[in-house]
Amino acid sequence: MTTAVATRSVPEPVADTAPDRPADSGRRAGLLLSAPFLIVYLLFLVGPLVVGIVLSFFNTTTVKSGLGGWVGLSNYTKVCRDPLFWDAMWHSVLFTLFTTPPLVVLALAAAVLASRMRRGRVFYRIAFFAPYVVPSSVVALIFLWMYTPQVGLFTKVFSGLGLPVPDFIGSTSGGWTAVTLMTLWWTFGFNFVLYTAALQDIPTDVYEAAAIDGAGPWQQIRTITVPLLAPTTSLVLILQILASLKVFDQIYLLLGGGPNQSTRPVIEYIYDTGFTSYRGGYGAAATMVYFVIIVAVSAAWYGLRRWRAADTAAPAGTAA
Amino acid sequence: MSGAMARRRFLGLGAGAALSAGLAACSSPLASGLAGAQPDTADVIFWNLFTGGDGANMVQMEQDFRKAHRGVTVEATILGWGNPYYTKLALATASGTPPDVGIAHLSRLPLLAAAGLLEPVSRTGVMELGVTADRFTPAAWQKAGVNGTVYAVPLDTHPFVLFYNVDLARKAGLLNAAGDGLKDMKGGADFTDAVKAMKDASGHYGAVMSITADPSTAWRWFSMVYSGLAGPVVSDAGTKVSVDDEAMRETFAFLQSLTNGGLMPSELNGSGANALFSTGKAGFLFDGEWQIPSYRLVKDLRFNVVPFPALLGPKPVAYADSHALVVPHNPRRSAARTANAARFIKSLLDDSAVWAGGGHIPAWLPTQTSKAFLDQTPQRNYVQAAFDAHYDPPAWYTGAGSDFQNTVGATIIEALAGRTSPKNAVAAMRSDLKRYTTTRPPVTMK
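Sequence lines, in order, name chains A and B. Reminder that position 249 of the first sequence reads as 249 in our numbering, one-by-one numbering, no gaps. Each position in the second sequence, counted from 1, maps to that position plus 1000 in our numbering.
Since the hints were made in silico from the structure, they are not lab data. Mixed in with the good hints, there may be bad ones.
In silico DSSO-like pairs for lysine-lysine, Cα to Cα no more than 30 Å straight-line [to be verified]: (1) A/64 - B/1434; (2) B/1423 - A/78; (3) B/1240 - A/78; (4) B/1088 - A/246.
Some chain B residues well away from chain A (every beta-carbon gap over 10 Å; in silico) [claimed, not checked]: (5) 1043; (6) 1253; (7) 1330; (8) 1371; (9) 1372; (10) 1406.
Ranges of calculated distance between the beta carbons of each label pair, as one might list FRET restraints [to be verified]: (11) A/70 - B/1073: 23 to 29 Å; (12) B/1300 - A/239: 55 to 61 Å; (13) B/1073 - A/246: 50 to 56 Å; (14) A/239 - B/1078: 34 to 40 Å; (15) A/117 - B/1078: 45 to 51 Å; (16) A/44 - B/1078: 44 to 50 Å; (17) A/170 - B/1176: 38 to 44 Å; (18) B/1334 - A/301: 54 to 60 Å.
Even glycine gets a Cβ: it sits at the ideal position worked out from N, Cα and C.
So here's chain A without its partners, still in its complex pose (with noise of 0.2 Å):
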């Protein structure tokens, strides 16, 4: 532990003039505090992700213990040459393309709808908020009600105003509509909440300037709060693409990936393959391989995000 802070302070000249540098009870103590959290991260994170790269190298079934044969590569380029893997991984895209965009739409309108009611803010807030602590399987079951053919709610409503009904559940197209339906209502929500949060810390003062200047209502939206949202707009974005794309209980729940594996996500590709035809080592790999992808678009999204800063910040060096 003393070796390890005299060699990092070799290479920092101004570590001596540091005057509040952490002495090694205050480093002891600090690693003490946050053990709780150590231990609970490298039990139930970091070890399951090992025994995960570890099993996807051998033929391990979930129905016996032990890890199998070893197979080398093999279960990864299986994975890759598996047209129903990428078929279910199309499938997680499609569902982020048709809910992040709405999600975060409809989560800023709101907001900035339910900041400006003069009464009653708080019940619109609570409102909104709520469906977001339902679980999944209560929302699931009440959907289901509501899409069931010939007596559901949907379906009488679209037959009331004799316009076709969907087959919510028997369909592709209408599977989709089902499940993006059902994911707007559910976890709308949880961006309404961040964007609240992002417009309380916006000065009020900014808003009094631009009326002064004779600023309507709107182009006060457009002007100021759009673009003061900007940093939350951009986390609530990559929150929401990383959500999406682990999408699994809404459609497991409503739509058993059906009809015929049409709107099956990858992590029910991951659960067919690993626990209901028991081939944990092969799971394991489709498992790294998704892993591999969601952290290349985190780190696509980061890069961006960088380089952007970086872009906007040099040029208003040379101005000033």
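Start from chain A and add chain B according to the hints.
Just chain B, lined up with the frame of chain A:
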């Protein structure tokens, strides 16, 4: 300082109290669950996948056991049918917390047995109660064995059968002299003529079956016709495609001759088939016997159920599966619990006339030949189907509700709907099967 000491002592006491409370709680199901032991909430823990009419019959049979065995408690857990059930049964057994008795389809047995998840029947003590090979339908008992070891006690055989509308059959002149069955049919041509006669009688369709988005029914229908001509589609424990191309082409051509000629609708879902058969717009219905209870509820529908005649091959073949009772392997199960499990299994067999109410043929011959069963119509009409039963070929991926059935069923649906020629359908089936035969099996099967 003394304040700090007092706080530490207080915390220490609290920790001690929490620890002893945790130890004391070991007897609770939660604590024993966390510790990995089986929560013994009843003397026999029984898992099954039955809801609806079958579920009610099973509950009745459990009640009968409780009445006959006072002091032995039974806890039944019903799980979602198909993959969800088998996933849970396999994982619970692999992790050492299985039920004492479970239901399994015989078509699902090969993998469960190969993974070592099941106790051989000879070690459950059930044979000492008189449950022996000679008292079962031979086809079912044979399918309960994997490599010479019997792993399951068959409860029933549930074949794919031929429903007919009695009034339309009389009008079409298909009834036999006694009026309790159909005239003999020999081969596919006779059968096609019968369907034509039914179409003329009903004015709409000769026959119906659930096709759209119902791969399992498509697979049963196809599998039955094909089995009349050739052996299983995969062999060597599911590692080799053993399709007879000519037989399969002939099968598809026969199936298409019925759907393409307007004798039966080529696109129809389950409720559509139900509606057409219930209202007399179709003379025949191809479906599993488990549909009988739902058609009993239809007012003014007089129907009967018989096994399919021989269609393409020389002998009649019935596609079938069986519900069976298994004792999942649990090294910690006590001898007393095993004995209770055996008594429970025996009781269900003796009581299987109740089970037959759902349309199933009891596999237990003492019940199959009993008055309680033979009084049930139309169940007694198709007992022969249990003896002509053909099951899914043994492999790690086949069986009731499996992905395999969904995959090949989807191809068969394409052929039934006339969207692909028999020749192309054979090629598609081959590539479907290859997907499974070339996949590395999760467990080694002999």
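Hint by hint, here is what the structure shows:
{"no.": "1", "hint": "A/64 - B/1434", "result": "25 Å, holds"}
{"no.": "2", "hint": "B/1423 - A/78", "result": "29 Å, holds"}
{"no.": "3", "hint": "B/1240 - A/78", "result": "19 Å, holds"}
{"no.": "4", "hint": "B/1088 - A/246", "result": "23 Å, holds"}
{"no.": "5", "hint": "1043", "result": "27 Å, holds"}
{"no.": "6", "hint": "1253", "result": "25 Å, holds"}
{"no.": "7", "hint": "1330", "result": "14 Å, holds"}
{"no.": "8", "hint": "1371", "result": "43 Å, holds"}
{"no.": "9", "hint": "1372", "result": "38 Å, holds"}
{"no.": "10", "hint": "1406", "result": "7 Å, violated"}
{"no.": "11", "hint": "A/70 - B/1073: 23 to 29 Å", "result": "47 Å, violated"}
{"no.": "12", "hint": "B/1300 - A/239: 55 to 61 Å", "result": "60 Å, holds"}
{"no.": "13", "hint": "B/1073 - A/246: 50 to 56 Å", "result": "42 Å, violated"}
{"no.": "14", "hint": "A/239 - B/1078: 34 to 40 Å", "result": "39 Å, holds"}
{"no.": "15", "hint": "A/117 - B/1078: 45 to 51 Å", "result": "48 Å, holds"}
{"no.": "16", "hint": "A/44 - B/1078: 44 to 50 Å", "result": "31 Å, violated"}
{"no.": "17", "hint": "A/170 - B/1176: 38 to 44 Å", "result": "40 Å, holds"}
{"no.": "18", "hint": "B/1334 - A/301: 54 to 60 Å", "result": "57 Å, holds"}
Hints 10, 11, 13 and 16, counting from the list given before, are not met by this structure.
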